[in-house]
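Protein chains: 4
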Amino acid sequence: MIQLSDFRSVIDQYKIVFFDAFGVLKNYKGLVPGIENTFEYLEAQNKEFYIVTNDASRSPVQLAESYHRAGLYAVTADRIVSSGMLAKEYLDLKVHEGIVAYLGTPNSAHYIDDSDLHTLPVSSIDESNIDKVSALVFLDDEGFDWFKDLNTAVNLIRKRPIPVIVANTDFSYPVTKNEVSIAAGGIASMIETIVGRKFIRFGKPDSQMFMFAYDLIRERRPIVKKDIVMVGDTLHTDILGGNKFGFDTILVLSGNTLPGDAITRINATGIVPTYICDSAVVE
Amino acid sequence: MIQLSDFRSVIDQYKIVFFDAFGVLKNYKGLVPGIENTFEYLEAQNKEFYIVTNDASRSPVQLAESYHRAGLYAVTADRIVSSGMLAKEYLDLKVHEGIVAYLGTPNSAHYIDDSDLHTLPVSSIDESNIDKVSALVFLDDEGFDWFKDLNTAVNLIRKRPIPVIVANTDFSYPVTKNEVSIAAGGIASMIETIVGRKFIRFGKPDSQMFMFAYDLIRERRPIVKKDIVMVGDTLHTDILGGNKFGFDTILVLSGNTLPGDAITRINATGIVPTYICDSAVVE
Amino acid sequence: MIQLSDFRSVIDQYKIVFFDAFGVLKNYKGLVPGIENTFEYLEAQNKEFYIVTNDASRSPVQLAESYHRAGLYAVTADRIVSSGMLAKEYLDLKVHEGIVAYLGTPNSAHYIDDSDLHTLPVSSIDESNIDKVSALVFLDDEGFDWFKDLNTAVNLIRKRPIPVIVANTDFSYPVTKNEVSIAAGGIASMIETIVGRKFIRFGKPDSQMFMFAYDLIRERRPIVKKDIVMVGDTLHTDILGGNKFGFDTILVLSGNTLPGDAITRINATGIVPTYICDSAVVE
Amino acid sequence: MIQLSDFRSVIDQYKIVFFDAFGVLKNYKGLVPGIENTFEYLEAQNKEFYIVTNDASRSPVQLAESYHRAGLYAVTADRIVSSGMLAKEYLDLKVHEGIVAYLGTPNSAHYIDDSDLHTLPVSSIDESNIDKVSALVFLDDEGFDWFKDLNTAVNLIRKRPIPVIVANTDFSYPVTKNEVSIAAGGIASMIETIVGRKFIRFGKPDSQMFMFAYDLIRERRPIVKKDIVMVGDTLHTDILGGNKFGFDTILVLSGNTLPGDAITRINATGIVPTYICDSAVVE
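For the protein sequence lines, the chains are A, B, C and D, in the order given.
Those letters in the first sequence? Residues 1 to 283, by my numbering.
Those letters in the second sequence? Residues 1 to 283, by my numbering.
Those letters in the third sequence? Residues 1 to 283, by my numbering.
Those letters in the fourth sequence? Residues 1 to 283, by my numbering.
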């Protein structure tokens, strides 16, 4: 028998709340109804919060704007930590010259752009510039011709010993109630199998996502892991990653994990959240 | 130090020769020069032969025609055993009604067609006919829109507990000296990961390919496995599969396995051919 | 809602019945109660039957004796097809000299023994004989010191490019109602990961198991695949393998697949049996 | 052609040096000859250093003592960051009651012990205490009966939805020039496959190892990632992990990666170190 906790009572025990985005704050139809109450409550209680999301399709500024357009003004760019930001940090630290080839939309490429590097869609890679390519990044599942550009990517990786960065570890994402779309992480995993290489993946459940957010806070004030709770709808990313990093975790049943499946999947996976709540909405 | 055998002397010891197609009889440029001598020799010696190929893009009749157009008339349709034929046999035996959805060209679909079944490209699957789909087949990497149709395929598999058949186990195939193309088997493996299902794969190294050819012969005359030698250029498909089925095997160095790499790869994989020859050409 | 068929009515439609052993004919407590009726019925109806089992721990003669001791006399050695027999056939056809090192009991080694080959437990492999080892076989999970001998096996495989044969593809087998034991196939899979090699695996769902049994029958009389039905308790081995080979299949709920889980697992895996029956017992 | 850098000139460019232990500071015979010079140089230059090691078999204090016994006094316990310390941190933060079952030696268990928790070897788990087990930890490949205790572990995980922690991600470790031993990470991977669960793994290349060391330094003084270089002998752990975290990296050829293989393996894996040096010895 599933033991549901009251979301408000649970977060009252923590100073900082980390939220997953999809399935927690929003779904395929838009914002989760009532979620703005949660952010009013957090502000009233002076609790800090962050959105920790496997999303490299847009910059934090653009992601924040999409919340604003939907009517949620509390989510500002400085509160968003995305797997795309980690990909950008990697390029900044480790790739100092040459061309960064990418699969994704121009939007996704724009924010990984940098003064020292030149980004170029895989469709523009040819004999004249292939030798200058110093990294390949999977950013988004849209913005390119899968047939042509995935074949080009395979041959690029075979010819050049460059790092391949996957800025989103998800295999698929929901687009309607019953349908999903293949995500950049799913495409990357096919290419990985074909070329027999190990790519560099950024995104939950990897610790680096949580560390990035944790560090942002610690730059301003002292904090310990016990002060933070991670809220997510997916056992294998949000809860496993949060647990492994040492955070307490809340599984919400408004997204990937359905109320009727939660106990079965927790028992089957051994991934046990600290709490289970209906949703992240403070009534 | 690599110990090369003379191809003619080796096949002299066997009654029947099985050939892989790509990298043995032909390559990205066309027929392997001199390969017609081999078939003249086989006929002069009254030796039987078969082409055993991971190819579901065309029917045996069409495959044979492509050899004829290149000037090799010895390869007739009844000598070709393809993974596509196994997919067709599966559909004939196991799928008795409904629509067989496919990913591939109309050509590839044509020969799996059957009086009782109706084939339909994945692009034509929609709300009106999805409930009648009784199987999905990966036939070829061409003939469809990867972005649209692979996403449709993912959702079809999620919604319907149908068998998914992969008629080609190869992950990629060579298109020029240094470039490859992603094959139907590589695409299928991505979809398999995303939907978390086990597909039904036909093709070398699976025993069913060798058994199909072996049975064709036994229908006409008694034979034992020791009478047959399998010739191939790829350790993981031709040689592993031939060995496992109990055939002797010849690795030729005219395709996937380069002369300089053969020993390293044999030692690294533990897949040991009975013989190694430069090529399948009888001088 | 699960649609159960009557076992007797289903097998009435076929000339030959293939049975899995564990979970169908016997379980951890001994014979499935009433299963002797089934074999009386088969004999009365003049239907042929075979036991097709992933078991390399004993010879068919010894396996048959264990049925006799339990009171089931219909199961004779010539009706048993085991993954161990395929391992033996492989060694007979492909390994012509040297030492066959094995992991398993002396019993399991005894029946793969052969006049030309010498079997030796891995524990007896040392500097003096390692260069004569021409194959390694995983036969059973018992009969050796896991710590010492698995480490010896890893180093043997690293040093010598020999074929490694796994004579049982199962990862675990039930020993009491709620407990399992790690099987030879599970151990082999660990060693495979550590040494980065592809082993040669014999056992369901691989087609070679079904072909071996199918060939035994065809040596005596003509038969087609539609005359045969495969009865098993496990979707991923018995049903997937039977389906792929082109047989009709019966899932019984007396073993691995529980009545409450059957539909969920069929939908989740896409492995659909032709029929579902409570058990293989003819009332 | 491989471009070797001089180790001293390279580390002169960094404030802090992270070292892998095995293959860099020591090998199966003991300390790498001359490695004490390196630590004298580091101290003379006032450079900070840390040992970052996948080792959960002993506490940092015991690991440091083993260096002292070999004559290297510079390596003190506070300079060692081990995967075992991360396992301990996880237990401290996330497991608040019950029994922590472990596979390993009493020594390995001793240092994960804690006032609130009770550690018990898997061999002591039985019907009387299984319901109190709140976590299982793989610490070492020694100290237990593989056959009995691994089977007990499989059944413990099947019965209880507890987190399973793997305190060492390595699959094997060298014991002589040509021989390896299966490591705790290799055993854990077999169990993971058999039970179909995702375990919590601590060790390189996972970022959490690097973050733990990075945090130790930042507690005392400001630092950025560009100030640190990671020295290791293994592309898939030290170099991949260091690169991904954003550190510069030095591959040394005194361990896992042989001088003749380095370029081939870098090209095959796409894991490119910032520098390659013969060894970590300052001449």
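Since the hints were derived computationally from the structure, they do not count as laboratory data.
Treat the hints with care, as some may be off.
[As the list claims (entries may be wrong)] No farther apart than 25 Å at their CA atoms in a straight line, the calculated lysine-lysine pairs in the BS3-like style are these:
| no. | chain 1 | residue 1 | chain 2 | residue 2 |
| --- | --- | --- | --- | --- |
| 1 | B | LYS148 | A | LYS177 |
| 2 | D | LYS15 | D | LYS47 |
| 3 | B | LYS226 | B | LYS15 |
| 4 | C | LYS132 | A | LYS198 |
| 5 | D | LYS198 | A | LYS198 |
| 6 | C | LYS198 | C | LYS132 |
| 7 | C | LYS177 | C | LYS148 |
| 8 | C | LYS148 | C | LYS132 |
| 9 | C | LYS15 | B | LYS226 |
| 10 | A | LYS177 | B | LYS225 |
| 11 | D | LYS148 | C | LYS177 |
| 12 | A | LYS148 | B | LYS29 |
| 13 | D | LYS159 | D | LYS177 |
| 14 | C | LYS159 | D | LYS177 |
| 15 | A | LYS226 | D | LYS132 |
| 16 | D | LYS148 | D | LYS226 |
| 17 | D | LYS29 | C | LYS148 |
| 18 | C | LYS198 | B | LYS225 |
| 19 | B | LYS148 | A | LYS159 |
| 20 | C | LYS226 | B | LYS198 |
| 21 | C | LYS177 | D | LYS159 |
| 22 | C | LYS226 | C | LYS47 |
| 23 | D | LYS226 | A | LYS132 |
| 24 | A | LYS132 | B | LYS177 |
| 25 | D | LYS29 | C | LYS159 |
| 26 | C | LYS226 | C | LYS15 |
So, going through the hints one by one against the coordinates:
Note on LYS148(B) and LYS177(A): the hinted pairing holds, with a Cα-Cα distance of about 18 Å set against a maximum of 25 Å. For the suggested pair LYS15(D) and LYS47(D), the alpha carbons sit about 6 Å apart, so the restraint of at most 25 Å is met. With a C-alpha separation of about 9 Å, the suggested pair LYS226(B) and LYS15(B) falls inside the 25 Å cut-off, and the hint holds. Straight-line distance between C-alpha atoms of LYS132(C) and LYS198(A) comes to about 36 Å, which puts the hinted pair past the 25 Å bound.
This hinted pair checks out: LYS198(D) and LYS198(A) have alpha carbons roughly 19 Å apart, not beyond 25 Å. With a C-alpha separation of about 21 Å, the suggested pair LYS198(C) and LYS132(C) falls inside the 25 Å cut-off, and the hint holds. Restraint check: the Cα-Cα separation between LYS177(C) and LYS148(C) comes to about 31 Å, which exceeds 25 Å; the hinted pair is violated. Restraint check for LYS148(C) and LYS132(C): satisfied, since their Cα atoms lie roughly 20 Å apart, inside the 25 Å limit.
A C-alpha spacing of about 32 Å is found between LYS15(C) and LYS226(B), which places the hinted pair above 25 Å, so the restraint is violated. Taken as a hint, the LYS177(A) and LYS225(B) pair is broken in the structure, with Cα atoms around 54 Å apart against an allowance of 25 Å. Taken as a hint, the LYS148(D) and LYS177(C) pair is honoured in the structure, with Cα atoms around 18 Å apart against an allowance of 25 Å. Only pairs whose Cα atoms come within 25 Å are accepted, and LYS148(A) paired with LYS29(B) is accepted, the gap being roughly 21 Å.
Proposed proximity of LYS159(D) and LYS177(D) is contradicted: the alpha carbons are some 42 Å apart, above 25 Å. Annotation: proposed proximity of LYS159(C) to LYS177(D) holds, straight-line Cα distance about 12 Å (limit 25 Å). For a cut-off of 25 Å, the pair hint linking LYS226(A) to LYS132(D) stands: about 24 Å separates their Cα positions. With a CA separation close to 48 Å, the supplied pair LYS148(D) and LYS226(D) exceeds the 25 Å bound.
A hinted pair counts as satisfied when its Cα atoms are at most 25 Å apart, and LYS29(D) with LYS148(C) qualifies at roughly 21 Å. A distance of roughly 23 Å separates the Cα atoms of LYS198(C) and LYS225(B); the hinted pair therefore holds under the 25 Å criterion. Among the hinted pairs, LYS148(B) with LYS159(A) is inconsistent with the structure: their alpha-carbon atoms are about 29 Å apart, more than 25 Å. With a C-alpha separation of about 24 Å, the suggested pairing of LYS226(C) with LYS198(B) holds against the 25 Å cut-off.
Of the supplied pair hints, the one linking LYS177(C) and LYS159(D) holds, its CA atoms being roughly 12 Å apart against a limit of 25 Å. Between LYS226(C) and LYS47(C) the alpha-carbon distance is near 14 Å, which keeps this suggested pair within the 25 Å criterion. About 24 Å separates the Cα atoms of LYS226(D) and LYS132(A), which keeps this hinted pair within 25 Å; it holds. For the given pair, LYS132(A) sits about 22 Å from LYS177(B) by alpha-carbon distance, which is consistent with the 25 Å threshold.
Simply put, LYS29(D) and LYS159(C) have alpha-carbon atoms about 20 Å apart, close enough for the 25 Å limit, and the pair holds. For the suggested pair LYS226(C) and LYS15(C), the alpha carbons sit about 9 Å apart, so the restraint of at most 25 Å is met.
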